[in-house]
Amino acid sequence: MTSDPIVQATAGAAPGARIGQPVDRIDGILKVTGRATYGYEHRIGRAPAHGCILGASIARGRILEIDVREAERAPGVILVMTHRNAPDQPEFGAAVTATVPEVFTRARPVLASERVRYHDEPVALVVAESFEEARHAARLIRLRYETEPGAFDPVAPDAEIYRPGRTNAGFPTDSEHGDFEGAFSVAPVQIDASYRTPFESHNPMEPHAAIAEWEGDRLTVHTATQTVANIQAGLASTLRVPPENIRIVSPFIGGGFGAKLILHPETICAALAARVLNRPVKVALTRQQMFANAGHRPAMRQRVRLGADRDGRLTAIGHEVLASTARFEEFAEQSAVPTRALYAAPNRRTTHRLIRLDTNRGEWMRAPGEASGLLALECAIDELAERLGLDPIALRIRNEPERDPELGVPFSSRNLVACMRVGAERFGWRDRPLRPGSRREGRWLIGYGMAAAIRGNYLGPGSARVAIDAAGQVTVQADMTDIGTGTYTILAQVAAERLGVPLDAIRVMLGDSRLPRTAGSGGSWGATSSATAVHNACLALRQRIATAAASHAASPLRGSNAIEAHFADGALRLGARSESLERLLARIAPEGLAAEGSAVRGETYRTYSQHAFGAHFAEVAVDIDSGEARLRRMLGVFAAGRILNPKTARSQLIGGMVWGVGAALMEETVLDRRHGHFVNHDLAEYHVPVHADIPDVDVMFVPEEDDKGNPLGAKGIGELGNCGAGAAVANAVYNATGVRVRDFPITLDKIFPGLAAG
Amino acid sequence: MRPFTYERATGLREAAAAVAARPDAKFIAGGTNLLDLMKLEIERPTHLVDISRLPLRRIEETSDGGLHIGAQVPNSDLAADARVRTRYPLLSQALLSGASAQLRNKASTAGNLLQRTRCPYFQDAGMPCNKRVPGSGCAARGGYNRAHAILGASEACIAVHPSDMAVAMTALDARVETILPDGRARTLPIGELHRLPGDTPHLENNLAAGEMITAVTLPPPPPGRQLYRKIRDRASYAFALVSVAAVVEVASGRIRNARIAMGGVAPKPWRSAEAEGALADRAAGDRSYAAAADAALSDARGDGHVAFKIELAKRALRRSLADLTPDR
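Line order of the protein sequences matches chains A and B.
For what it's worth, our numbering labels the leading residue of the first sequence as 1, then goes sequentially.
For what it's worth, our numbering labels the leading residue of the second sequence as 1, then goes sequentially.
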């Protein structure tokens with residue numbers, strides 16, 4: 001087994017660093033020197049065999065024949081596993097689980113039947129001495145299928161539409177307030193616009209990978225996951241093993257974006273094969289396999305209807321979402337949910353409906369709900385502003401709600417207006433071309449656009465352990481993950497501040513199911529939830545140290561009042577007396593002291609509407625002939641509570657904004673409507689923005705502390721950056737050209753037909 | 001990837017003979033395209049002859065004022081060569097608009113010419129493809145064919161040739177030098193290197209078994225101004241939806257010489273005699289350019305997603321011609 005991953009700041013690095021300081025990542029040197037080990041890279045005691053998955057070449061039907069003889073004879077092959085010889089696993093079960101958590105804990109059998117539910121679903125696993133041998137042998141397997149007609153058109157006019165019982169994360173499917181239809185029909189100004197958003201794929205840089213090793217009936221899996229508890233629970237159900245017999249190790253993750261929240265086939269395949277062979281097995285998905293097997297954002301049609309009076313006051317807001325889902329497992333992205341809280345209007349309707357397709361299930365892709373929903377809503381608001389002849393910012397300010405317009409509770413904090421005003425000033429919004437298509441620089445049409453950002457602020461219950469040894473060395477432990485966001489660093493900062501010790505006295509251990517359980521990295525709650533648990537653990541540890549210092553026979557501070565404890569500069573001061581922690585611990589607790597702390601949802605989780613806000617501003621240039629749209633610059637201004645580390649926070653937000661650029665201009669996973677496969681399943685054909693597409697992105701923060709969400713006053717920011725960012729770019733394209741494209745992504749073929757031929 | 005054997009070529013003739021001797025042998029140079037396709041088992045050679053170390057890495061002046069470019073000159077070196085940049089700027093522009101810096105460092109001149117199509121159905125062994133498995137059908141027809149051909153395609157295949165460099169070389173009337181397995185050398189115009197698909201899309205070029213490209217020669221630069229314009233879905237590292245390589249010489253307001261080639265529109269780099277004919281001796285100006293663009297695309301067909309390319313190509317041609325003659 002590898003030694004436990006420990007991340008620690010370099011000695012002497014930023015000794016004064018505290019919460020709120022732009023501290024360098026403490027795991028940065030490990031990463032840039034190649035010492036941070038990722039899912040496929042861990043070295044374990046016994047040399048693992050290598051697995052390669054073969055996927056189905058049909059999208060719906062069943063396997064009639066599978067001939068593995070040639071594959072079994074191929075050089076290096078140890079095992080060919082198919083539904084005929086895979087260990088017995090539980091049934092997958094119903095498309096919808098009884099509760100939301102069961103989505104993560106249910107069994108997810110692979111190679112379990114002759115049925116094929118989606119294209120590229122695993123039909124065989126070949127295990128060989130080398131990856132190359134396994135991959136080659138997989139191609140020697142001969143399959144004969146009975147193909148059944150499938151549904152592959154997310155906008156088929158004759159598709160059967162149904163109403164799910166809930167959306168993702170358990171939000172109500174629909175909401176209705178006042179009389180939407182009545183108010184909309186009499187509104188003096190109406191916008192009724194439909195937007196199409198495509199399938200998208202997460203494409204983290206690191207593919208999904210796992211190394212599984214059994215010791216008796218105990219399993220250890222090194223993998224790449226955002227939430228170790230989910231992988232542990234899913235594997236326990238699938239393998240029929242008690243969860244406590246499964247250890248998940250995931251210290252470094254090469255990006256997740258929601259694609260690594262749940263158990264995927266490579267991990268199950270590795271565990272099954274390792275058990276059969278009684279030998280460690282490692283399996284990774286190829287880039288191509290990730291498109292079908294590691295989640296996607298569903299394709300949608302969204303209808304937004306806005307009714308307003310002539311002054312721009314909204315009287316009716318309607319947002320109706322029709323999205324794709326998988327026939328065998330439901331996933332309903334909550335794309336109309338942000339509309340429930342963003343603008344005031346007395347009459348409101350939001351709905352979510354689904355169309356079953358024969359694809360794999362959709363998954364949580366960075367800002368599920370907001371990323372897709374705000375593309376529609378925030379473009380519709382822009383359309384309304386133009387119709388009214390109002391500045392888009394003035395229109396939004398006019399419809400700023402006093403309280404959450406649907407829940408009726410106050411906002412814990414809401415500084416959207418400040419973000420828009422600060423951003424407008426910084427960006428030079430006053431220079432916006434008032435008439436679309438009116439500004440030209442050489443062969444480029446120039447446009448400005450903006451959009452609001454909103455993202456729910458959540459807390460995921462969990463705990464952490466903080467220990468201090470007699471040398472004054474502090475260790476922070478949690479099963480929390482750092483998916484590239486900076487978790488290691490901010491947890492060290494929190495502990496350093498709360499315990500009054502230098503940053504380089506803190507060691508952080510994460511990503512191991514043997515450590516205290518957290519809700520992991522998801523829903524942007526990772527930082528606030530785990531930092532809250534660490535904060536509380538530090539408070540408990542301080543109490544423990546102070547009490548011992550005041551009472552222990554060997555303590556130089558004995559007899560002081562423990563209530564007046566003050567931790568700073570590596571020392572404890574009780575009343576008038578002070579002693580360094582190192583000397584103190586050596587006397588009163590040579591074995592060290594430790595404490596646990598937790599994060600729980602308090603009363604304010606229900607009695608306040610909690611969101612982070614922001615405003616995006618974009619300038620684009622569109623070629624007058626070809627319609628090529630290129631970002632020129634972008635600014636995001638965010639009010640997201642207390643910023644724990646402005647450096648890592650800024651990186652998160654820039655990354656999110658780049659996602660917005662991708663969603664607006666280029667990202668689309670194309671589903672072939674005949675074969676049911678994702679056609680452009682590699683990074684040459686699935687375009688994400690590259691350096692040349694992102695010339696200048698700036699981030700600012702509006703100071704904010706929010707005491708309702710957590711004791712640190714922080715809010716989640718991992719997804720806020722791509723909430724509304726795409727709409728700002730889309731609105732800028734409209735401002736540049738006068739061509740309103742409601743079919744994302746806005747590729748040049750959708751723009752240039754609307755431009756006069758040059 | 002199928003198991004394969006490997007040898008390092010010791011000489012030009014030996015290399016050609018080694019590949020000719022085995023039906024499933026292939027040359028490998030930079031490997032930027034071949035290795036990817038081998039991993040997908042789209043390419044399944046049983047033997048590789050590594051020609052990357054052959055002495056074919058020089059760019060030399062020819063006696064008539066052109067350039068002789070060794071087959072193994074990396075794309076990055078060719079793009080950076082001062083003679084190329086000053087005398088054949090469209091070639092340098094084309095090279096720099098293609099791939100990424102890392103790939104350009106590795107990719108060879110000959111390999112660039114012979115790279116395979118990016119058609120996603122060709123690149124997916126699970127899909128029908130007449131180019132990959134003759135007779136299996138064309139999944140791109142009726143499928144997602146936004147990046148496909150509008151000129152020169154056939155019922156059997158609508159894939160496009162992905163090279164930028166080759167489009168520029170086509171406009172420059174480059175010639176391709178080869179060596180045959182028996183040691184004879186031959187030269188063919190670049191326009192005769194690639195084949196149109198017809199009923200045999202699996203046959204992509206007119207090279208004999210084992211015939212190896214040793215060099216590309218450029219004649220002296222044509223008179224006039226040069227330009228390579230590439231239209232694509234993002235600013236870098238994307239294949240051309242449409243590209244234009246153009247050379248235009250104007251004298252006294254009339255077009256004396258025009259060379260037009262297009263990329264991203266056809267199964268091979270597409271030299272447009274129609275456009276050149278429409279420009280010959282005409283007055284430089286928008287009317288002539290529009291006529292040339294219409295002529296270039298007069299035989300174009302776009303069924304499905306790809307239909308937009310016809311108008312896009314016309315716009316690209318008109319604009320390229322206008323940009324080349326700013327003070328006509």
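One thing to keep in mind: the hints can contain errors.
[To be verified] Listed next, the in silico BS3-like pairs over lysine-lysine satisfying Cα-Cα at most 30 Å (straight line):
no., chain 1, residue 1, chain 2, residue 2
1, A, 31, A, 708
2, A, 708, A, 750
3, A, 31, B, 26
4, B, 26, B, 39
5, B, 106, B, 26
6, B, 106, A, 31
[As the list claims (entries may be wrong)] Here are the simulated distance ranges between beta carbons:
no., chain 1, residue 1, chain 2, residue 2, range
7, A, 240, B, 23, 31 to 37 Å
8, A, 684, B, 57, 58 to 64 Å
9, B, 208, A, 85, 21 to 27 Å
10, A, 592, B, 39, 47 to 53 Å
The set of hints was computed from the structure by calculation and includes no laboratory data.
From the three backbone atoms N, C-alpha and C, an ideal C-beta is built for every residue, glycine too.
Report the numbers of all earlier hints that the structure fails to satisfy, in ascending order. 1, 2, 3, 7, 8 and 9
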